[in-house]
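Based on the sequences and whatever the hints tell you, model everything.
If you read the protein sequences in the order shown, they are chains A and B. To convert a position in the first sequence, counted from 1, into the numbering used here, add 34. To convert a position in the second sequence, counted from 1, into the numbering used here, add 34.
Quick caveat, the hints were computed from the structure, so don't treat them as lab data. Hints are not guaranteed to be accurate.
Since the list gives no way to pick one copy over another, a pair counts as held whenever it fits inside one copy or between any two copies.
[To be verified] Derived DSS-like pairs (lysine-lysine); straight-line CA-CA distance at most 30 Å:
hint	residue 1	residue 2
1	Lys121	Lys88
2	Lys58	Lys293
3	Lys121	Lys447
4	Lys351	Lys95
Number of protein chains: 2
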Amino acid sequence: MPAEMPVRLRVFSLNCWGIHYLSKHCAQRYAMIGDLLSKEQHDVALLQEVWSEKDFHFLKKKLGGTHPYSHYFKSGFFGSGLAVFSKHRIHDAFLYKYTLNGYPYMAHHGDWFGGKAVGKVLLNISGLAVHVFVTHLHAEYCREPDSYLPHRVVQAWELQNFIRHTSAGADVVILGGDLNMHPTDLGIRLLQSYTGLKDCYNETASFDGCEQGFTHITANPFTHEQELIPFGGGIRIDYVFFKGSKSVDVSCESLSTTKGPVPGQPFPYSDHEALSTELVLHPSEDGKGRSNQEKDSTADKLSELVNIVTEARTEVKVGLHCAERMRYTAARTGIMGLALLLLELAIAAVPCFALGTEHPFPKASFYLLGALCFAILFCTTLLYIFYGMEVKALQGAEDQMRLAVGSLQERLKAFPKGTYEGRSQTEPDSCDPATLEPGD
Amino acid sequence: MPAEMPVRLRVFSLNCWGIHYLSKHCAQRYAMIGDLLSKEQHDVALLQEVWSEKDFHFLKKKLGGTHPYSHYFKSGFFGSGLAVFSKHRIHDAFLYKYTLNGYPYMAHHGDWFGGKAVGKVLLNISGLAVHVFVTHLHAEYCREPDSYLPHRVVQAWELQNFIRHTSAGADVVILGGDLNMHPTDLGIRLLQSYTGLKDCYNETASFDGCEQGFTHITANPFTHEQELIPFGGGIRIDYVFFKGSKSVDVSCESLSTTKGPVPGQPFPYSDHEALSTELVLHPSEDGKGRSNQEKDSTADKLSELVNIVTEARTEVKVGLHCAERMRYTAARTGIMGLALLLLELAIAAVPCFALGTEHPFPKASFYLLGALCFAILFCTTLLYIFYGMEVKALQGAEDQMRLAVGSLQERLKAFPKGTYEGRSQTEPDSCDPATLEPGD
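Following this line, the structure appears as structure tokens:
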């Protein structure tokens with residue numbers, strides 16, 4: 035336990051929108067981001083959508099004096115886009131690539147090529163083990179219907195699993211990033227209620243930023259105004275979450291967001307707003323002697339968690355049904371391609387048997403049709419394999435969810451009947467993590 | 035802390051060789067495995083290569099009475115092949131799919147389609163948090179040269195990372211599976227020295243099994259004798275590892291392997307030998323007051339670990355060089371395909387300009403060549419994407435290794451000079467995990 039408690043920790047998070055040739059004013063914006071970071075000197079800066087390694091190295095060079103430690107998470111074809119800059123030595127880094135992340139043939143959406151993931155770095159700040167996570171989930175291109183919802187729910191499931199399983203030894207846990215989910219969306223509820231992570235926006239003592247904490251706003255010239263109007267002029271999809279441990283209490287002293295245009299600059303830092311927060315780490319007041327009321331509240335939380343996991347399981351089942359249908363369609367199309375090829379070969383083979391008759395097939399058409407059949411067979415085989423893997427991943431997540439519900443219900447049985455039923459409306463962000471950890 | 039210490043824990047591990055239509059006597063062997071497990075009643079059975087879910091469900095039904103809890107890890111196209119049967123409730127399950135796992139076009143090797151992974155289940159045995167891991171690494175089809183070595187080294191790196199990061203809250207850690215590496219191979223040394231896991235074969239008080247603990251032997255009629263003769267008639271590639279924690283000491287009381295043919299049965303359980311071990315869990319004798327000698331030994335371990343990670347980094351760099359060359363070849367072939375297509379179109383376009391002259395291209399050849407060019411372009415694009423992802427994954431692992439070496443060297447500096455230099459020949463299996471954990 036460090037002597038210098040309380041410890042102050044300043045965290046920054048920004049989706050940098052760094053798609054070369056597509057994002058506007060990329061180079062100038064990275065220069066602005068670098069200036070901001072070297073001026074503000076946060077303890078940790080969590081960046082997303084740093085798609086080009088060149089940009090990471092540009093920032094690394096620029097921040098050499100203020101943030102001597104950094105890590106860029108490589109994954110997928112382009113990279114995960116995730117980068118961490120830190121004033122404190124990074125002792126360890128670990129990456130978990132999400133199993134599902136869109137479709138390679140949806141190249142214009144590009145998520146699949148990004149290899150989206152959650153990255154973890156391990157810092158030792160004043161003797162405390164601080165586990166810092168950064169992530170970026172699959173984008174939401176259309177809210178209703180959102181064809182990527184099952185993928186994002188599985189990502190949120192894997193994210194909470196990864197954080198829960200890897201942070202048992204942490205004094206402090208911090209998660210920042212673009213989660214591409216609104217605050218009441220299933221994935222956010224799942225993440226918060228299972229891990230006990232608290233949302234800085236809900237916890238902060240002082241807030242200075244966009245209305246309702248929006249991080250994607252119409253006032254930003256890089257956003258599409260029309261897309262945001264249905265949501266009241268903005269959405270909150272970027273977050274910083276935190277939690278303490280048995281030995282450390284964490285509180286959020288302040289949170290601020292950028293507000294679109296930057297005074298004295300020609301344009302904003304990105305199409306997302308940046309988050310800056312100040313966390314304060316205190317020695318924990320021992321919570322062992324919990325009152326009965328707190329126990330009931332834990333039963334409420336467990337009961338609520340069961341409901342949320344069940345909701346997630348339903349969503350995964352919808353995705354599974356869809357993936358199975360697509361796999362079936364790929365198989366059927368492949369079989370049709372094969373049948374066509376065989377038919378063509380049979381027709382072409384006729385003259386061999388009926389010697390002397392004229393060839394029934396013009397050569398060009400024969401080769402064209404043959405090539406088409408091969409192309410169909412090849413593509414449908416690839417698609418069948420891809421959908422087969424999607425089915426397996428969805429089934430795997432659903433199995434894990436079923437197991438979790440079983441285990442949670444088992445733990446609920448230990449509570450006296452009537453203490454939690456019909457009272458599952460508590461705030462998920464006030465959930466007690468200690469009771470929900472694996473092995474508990 | 036449970037009252038009933040010491041706790042006895044019996045663990046079983048077997049690669050079931052369950053490839054339908056390829057593995058011999060699959061159904062009969064699964065029946066035999068089911069009989070063995072229901073008779074022996076181990077606490078936990080860790081199975082690999084259960085490629086068909088039907089076989090898992092067959093075992094689940096058969097073991098319903100003795101092992102009411104089970105989990106099948108789904109991953110890749112066929113599944114990960116990993117299954118766990120347990121006498122104790124499984125509270126949680128988590129899967130980490132290895133980033134690299136062979137090549138999809140090496141279909142006859144099949145590893146890529148299996149989606150190899152490490153699975154974790156969380157058990158609560160007599161009040162102790164027992165974290166059980168099961169894994170299966172990429173096969174070694176040829177030892178010299180082994181083109182899959184960089185992939186297997188990255189898998190071993192990810193395996194140790196996963197175990198280290200997810201087992202901070204564990205009282206006991208157990209890992210079983212087919213690691214496809216010999217006991218002194220780089221991956222095993224990396225795994226043991228970084229995690230502090232102990233090898234049952236080296237630790238057991240009593241051993242009954244094949245010579246040198248071999249798990250792949252010439253006496254087994256399903257193995258290829260010729261392949262094993264250079265290694266003295268067998269190899270040891272299946273393992274059970276374990277470690278305790280600050281509160282629990284673990285010792286290995288016995289280890290046994292099957293020895294090929296099974297008395298009273300027409301054939302063995304599998305082409306691998308099964309492992310059965312009995313672990314004993316004691317309350318830990320407090321190790322806080324370490325002597326100077328132990329401190330030096332820790333410095334030795336750190337120094338040795340630096341050497342091993344550096345060796346792994348070199349291996350990954352070799353793989354990276356190879357992957358970059360393959361990506362380059364794919365790009366060059368693709369460009370040649372494109373050039374050929376453009377050339378063909380140019381030649382075909384000539385008659386449009388030179389009206390009246392005869393068509394320079396027989397139609398059939400034109401279409402055939404066009405189709406060939408398209409096929410080349412399509413395939414090389416896929417290969418370019420695949421190799422691009424392989425490059426990113428290898429770079430990512432290398433970055434993590436570089437970071438780890440930096441952090442380990444930083445910790446080494448804290449030791450007085452001369453206490454560890456030139457003394458890095460200690461046994462990796464005697465490594466102290468407490469000093470090597472993240473956040474330490």
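Each hint tested on the structure:
1. Lys121 <-> Lys88: within (21 Å within a copy, 53 Å between copies)
2. Lys58 <-> Lys293: Classified as within; 18 Å inside a copy, 67 Å across copies.
3. Lys121 <-> Lys447: Between copies, since 20 Å is at most 30 Å while 47 Å is not.
4. Lys351 <-> Lys95: between (47 Å within a copy, 24 Å between copies)
Of the numbered hints given earlier, the model fails none.
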